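Undergrad: Take a look at the letters that make up each chain.
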Amino acid sequence: MSFWERMEKIDRRWVYLMVALAVILPFIIPAKFPISITPEAQMLYDAVEALPDSCTVMVVFDYYPSTIAECEPMTRSALHHMWRKDCKVITLSNIPLGGPSMAETVTREIAPEYGKVYGEDFVNLGYKANYVAVLSGMGTSIESIFPTDNSGTPLSELPMMDSVVNYEQISFIFEVADNAMPDYWVSIVNAQFGVPMGCGTTAVSAPKYYAFVGAGQFVGLLGGMKGAAEYEILIGKQDKAVVGMGAQSLVHLLIIALVILGNISFFVLRRQGRRRA
Amino acid sequence: MNGWEIFQIWVIAFFTLSLFSFMYKDNPFYKVAEHIFAGLSAGYYVGLIWDTVIITQLWNPMIGGKWLLFIPGILGFLMFARFSAKYSWVSRTSLAFVMGVTAGIFLISQLHGLVLPHMKATMQSLGGGGGFGAAVLAIIVVVGVIATLIYFYFSKEHTGALGVTAKVGIWFIMISFGAHFGYTVMGRVSLLIGRVQFLTEDWIGSFTHLF
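Protein chains in written order, with our numbering: chain A, 1 to 277; chain B, 278 to 488.
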């Protein structure tokens, strides 16, 4: 059996092993690959940077725990960026499984670094079913949709919410999602209430949302782990996304090599087959 | 790191490795992890909806005096009639309400939020401030949109000029698929990286607290 025939019949578990090694090795021997900043990430950074200090913003955790690797670095970077500007942050989620607790964990972890106090500087509204009613209803009154926060405290008892009635008091919304929720935020909140929005999304969804940046509906976009790494670099706080990009680049190189080898193998075997015929 | 946190990390690591074991071959560890995940998700979701919708948004306001809420409550309850072959027609009232409201909301919001802004973004001025490069990109966008739309026009056979334009449309679609596939690979690899980050940092890190 020739080399190319062996390549054609390779057990896929060898490919899994190679991918696993390509992912694990950069964590043992750090690999640094250049990370360029895309215009969309720069636009998002500039938009947040241009927000007035101490304004109120929303950070939306519309992702499941399965995509933490891509989405959580985005929400973390956004919180660092917004709290540096002393923004008041409202978090919420339209994802029942994990969304509210991830918002709770991330905000409570970062808040002490900036001396932020729950109820005064940030509030976690939690989850509420039926996103259409939630997104539309908050345009009239946030309290009518979320009478209490995630832990059951009435909003009237949280000082930060005294001055927040509806979207009119929200300067910016940063939506981080691993599903089609950005469509609804754009079509309901951005289009009807005119609140400026930025978006962070998983790599799978990113190509779709570039069109929304082109149409001016998002001020900027972070696509997948690469987008998250760009934002980490822009705010000067390199963390998990930047570290993960080493493995990401190595796996991409491996996949490209395998695709090229697979194609060469296909054409070589086809030529040999023709000769035999 | 306390004992409870270490226990949590080990449970997460156990299920992560159990699910990864499927890549070698199907096995009982994978099946156990898969079934626990499905059951846990369903149970959590039911509990969450009960608490955040039925209790917080229906029951508590009703006993607080908002009696009109019994109307959506009844409509919701009628949905359960679907479980009975004899009375399943009753649920159509609720379904009709949901469909009517959803269609009404989405028709306007999709049109104003998605269709019209994207049409407007397609019609860019060639003499805008972006210079020659932006003008070329604007032409590519218009050609791509028209050619792709023509590819999906099936009321006339794709021959002659229509056929050539449809073929151009296929090229645009293929390039789009390529971009989507590339991003999908990146997304899936990112998920793996996330798990490996957890295993190498949190799980292996917890060894130092144990041994």
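Derived by calculation from the structure, the hints in this document are not laboratory data.
Just so we're clear, the structure is a prediction, and the values are computed from it rather than from any experiment.
For every residue, glycine included, the Cβ atom is placed at its ideal position computed from N, Cα and C.
Mixed in with the good hints there might be a few duds.
[Claimed, not checked] In silico BS3-like cross-links for lysine-lysine, where the CA-CA straight-line distance does not exceed 27 angstroms:
(1) A:Lys-85 / A:Lys-116
(2) B:Lys-397 / B:Lys-444
(3) A:Lys-208 / A:Lys-240
(4) A:Lys-9 / B:Lys-302
(5) B:Lys-397 / A:Lys-208
(6) A:Lys-208 / A:Lys-116
(7) A:Lys-237 / A:Lys-32
(8) A:Lys-240 / A:Lys-32
(9) A:Lys-208 / B:Lys-444
[Stated by the list, open to error] A few chain A residues facing chain B, derived, Cβ under 7 angstroms:
(10) Gly-119
(11) Ala-206
(12) Ser-249
[Stated by the list, open to error] Here are some, though not all, of the chain B residues that point toward chain A, as calculated from beta-carbon distances under 10 angstroms:
(13) Tyr-322
(14) Gly-377
(15) Lys-397
(16) Thr-399
(17) Gln-474
(18) Trp-480
(19) Phe-484
(20) Thr-485
Undergrad: So, for every hint listed, does it hold in this structure?
TA: Hints and how they fare:
no.: 1; hint: A:Lys-85 / A:Lys-116; result: holds, 12 angstroms
no.: 2; hint: B:Lys-397 / B:Lys-444; result: holds, 25 angstroms
no.: 3; hint: A:Lys-208 / A:Lys-240; result: holds, 25 angstroms
no.: 4; hint: A:Lys-9 / B:Lys-302; result: holds, 18 angstroms
no.: 5; hint: B:Lys-397 / A:Lys-208; result: holds, 17 angstroms
no.: 6; hint: A:Lys-208 / A:Lys-116; result: violated, 36 angstroms
no.: 7; hint: A:Lys-237 / A:Lys-32; result: holds, 16 angstroms
no.: 8; hint: A:Lys-240 / A:Lys-32; result: holds, 13 angstroms
no.: 9; hint: A:Lys-208 / B:Lys-444; result: holds, 22 angstroms
no.: 10; hint: Gly-119; result: violated, 19 angstroms
no.: 11; hint: Ala-206; result: holds, 5 angstroms
no.: 12; hint: Ser-249; result: violated, 10 angstroms
no.: 13; hint: Tyr-322; result: holds, 6 angstroms
no.: 14; hint: Gly-377; result: violated, 13 angstroms
no.: 15; hint: Lys-397; result: holds, 7 angstroms
no.: 16; hint: Thr-399; result: holds, 9 angstroms
no.: 17; hint: Gln-474; result: holds, 6 angstroms
no.: 18; hint: Trp-480; result: violated, 12 angstroms
no.: 19; hint: Phe-484; result: violated, 15 angstroms
no.: 20; hint: Thr-485; result: violated, 16 angstroms
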